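Enquirer: Spelled out, the chains give:
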Amino acid sequence: MTELTDRARLVAFLTTDPRDSGCDEALALLHVYADLYAAEPELAAREQPAVAAHLAACGPCAEDLVGLLAAITPA
Amino acid sequence: MDPESAEWVQALASTGGEQLAAERRLHTMLLRAARSEAARRNVQGSIPGAELDDLADQAADDAFMSVRRRLAEFRGESRFTTWAYKFAVLEVSGKFTRHAWRRPDRPVEVEDWDALRGRLGMQPEAASEWRELAAALRQAVEEGLTPLQRTVFVALMLDGQPLDVVAADLGATRGAVYKALYDARHKLLTTLVTGGHLTSEVVAR
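As you go down the protein sequences, you meet chains A and B in turn. Every letter in the first sequence is one number past the one before it in the numbering used here, and letter 13, counting from 1, is 13. Just so we're on the same page, the numbering used here is the position in the second sequence counted from 1, plus 1000.
Honestly, the hints are just simulated from the structure, not real lab data. Careful, some of the hints might be misleading.
Restricting the straight-line Cα-Cα distance to at most 16 Å, the calculated cross-link-like pairs of lysine to aspartate or glutamate (EDC-like) are [unchecked claim]:
#1 B/K1179 - A/D24
#2 B/K1095 - B/D1054
#3 B/K1095 - B/E1051
#4 B/K1095 - B/D1183
#5 B/K1095 - A/D17
#6 B/K1179 - A/E25
#7 B/K1095 - B/E1132
#8 B/K1179 - A/D17
#9 B/K1187 - A/D17
Pulled a few chain A residues facing chain B out of the computed Cβ check, cut under 8 Å [stated by the list, open to error]:
#10 V11
#11 G22
#12 A34
#13 E40
#14 L43
#15 A70
The model shown is predicted, which means the values in this text are computed figures rather than measured ones. We put the beta carbon where it would ideally sit given N, CA and C, even for glycine.
Okay, chain B solo, but in the shape it has when bound (with noise of 0.2 Å):
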């Protein structure tokens, strides 16, 4: 361990007004580390200023406790400060996806297939293509897939809505909804390829 982080660690394991200081500078890092994270996130300002500082505040509160509450957990592998912001951001990233799940203007499921071909960049011009490639795309989609791996992929595909919300609304954690999308990919793939729709030579690309 660095000999700042073994400063901070030993700082806020210690006692009376050694350890309140070392608190309050924590405090004070992670207060700065959200409210920066929380302005960089809202570009779009969906989130207005106080509702925002709000949000911030709420976040680094959170971060500061998980902090305190993991510290024996932290082993060194990073600079203290590193591990200490990462609940700043992480704790600034699920508030915003909460509050991405209760606007009232989320889009509506609509399955739209064309959308897909835009999420993936695809040419305007070759419709023919993509309308073949589309019922092949979507014949996967409803055949082979488990019931979990075809929500998270038409939410996530088709719907346009972020991971974390589908997360959110499947009451699942981030890395279960990634999974069962990589699942789904990796069995579309083979499907695609195995029915004819994708050449070896496009998929060594």
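Same shape as in the complex, but just chain A (with noise of 0.2 Å):
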């Protein structure tokens, strides 16, 4: 059971998303992604899902969003 586990961990990890924009294209889009999530984060990822698939892969891309989504988003 664990040496499953193990296995898929490591598979999660090097599995690749075909769909992934990369950084410079999300962070071009990163703005409209942002307004998108705010309103209905299910838009968002339908509207850009190479921008979501990249999202969900690079952390530093990430933490930008959420950000963005801090600063957007009203105190």
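Could you use the hints to bring the two separately framed chains together as a complex?
Expert: Structure representation (structure tokens):
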């Protein structure tokens, strides 16, 4: 059971999403994605699947999105 | 473009008092966002108060200049304020990276293969299983990756360096380092499956 879990974890890490836009495109569209996400998270993923795939895999870009969402969300 | 965003663009593109008032409002807005973002990222308190304020102020100034310089590029795909805040957030992000890059207590390069286990959240009980996997992975890293891919993989996954710090070390962009890791992951998975260390059933999960 543990064996499978470890292998599965390694596979999960090594598996890449072919839709992944990469950092440059994700950052170029981050403001668009943030407005969509603030309205409805599923809408953002639907409208910008390549950016969503990237944000799911790239910690620094996801952190930038968190910061941007905090900035545009009223306190 | 929504009416509020159009108003921002019109005011910033105007001249005289209207432009000045819009610029002041924009700078105040960016400064507030930069300070808030700097405080959010400084949860461990690694940057002392006065230095953090300076970092946020500089980020706000740089973001303000970027917005002014690139105003004509704004097409209304988002609210203007979201577009403008992005510059503040990215400036703070970049300045935190440069701060981390200069820290004397950065982790040294030790190629800690056991650290990778923890980083991937693997179970501590399955040590023998991991040894076999790690040996295969290590061989694939050493023999199958390009020098850049190997450097990036080791720095990120074994040494635990933040991606942006690795990019700064290499004089590369975040995107270039991410792409190198992306390609490395794809290549390593293919190699491990081909070598029989991971099965297609596991990959399908």
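Enquirer: B/K1095 and B/E1051: Cα distance at most 16 Å?
Expert: holds (11 Å)
Enquirer: Restraint: A/E40 near chain B, CB-CB cut 8 Å. Satisfied or not?
Expert: violated (15 Å)
Enquirer: Do the numbers back the hint for A/G22, that is, is its least Cβ distance to chain B under 8 Å?
Expert: holds (6 Å)
Enquirer: Given the hinted pair B/K1095 and B/E1132, is their Cα-Cα distance within 16 Å?
Expert: violated (41 Å)
Enquirer: Verify the interface restraint on A/L43: the C-beta must sit less than 8 Å from at least one C-beta of chain B.
Expert: Hint violated; A/L43 Cβ to chain B Cβ min 13 Å, cut 8 Å.
Enquirer: Using Cβ atoms only, decide whether A/A34 comes closer than 8 Å to chain B, and label the hint accordingly.
Expert: Holds. Min distance 6 Å.
Enquirer: Does B/D1183 sit within 16 Å of B/K1095, going by the straight-line distance between their CA atoms?
Expert: violated (27 Å)
Enquirer: Assess, step by step, whether the Cα of B/K1179 is no farther than 16 Å from the Cα of A/D24, and give holds or violated.
Expert: holds (10 Å)
Enquirer: Given the hint that B/K1179 pairs with A/D17, does the C-alpha gap stay at or below 16 Å?
Expert: With Cα atoms ~12 Å apart, B/K1179 and A/D17 stay inside 16 Å; holds.
Enquirer: Do the alpha carbons of B/K1095 and B/D1054 lie within 16 Å of each other, as the hint requires?
Expert: holds (11 Å)
Enquirer: Just to be careful, I want the Cα atoms of B/K1095 and A/D17 compared with a cutoff of 16 Å; is the pair within it?
Expert: Violated. B/K1095 to A/D17 sits at ~29 Å, over the 16 Å cutoff.
Enquirer: Check whether the Cα positions of B/K1179 and A/E25 lie no farther apart than 16 Å.
Expert: holds (12 Å)
Comparing the model with each earlier hint shows violations of hints 4, 5, 7, 13 and 14; every other hint is respected.
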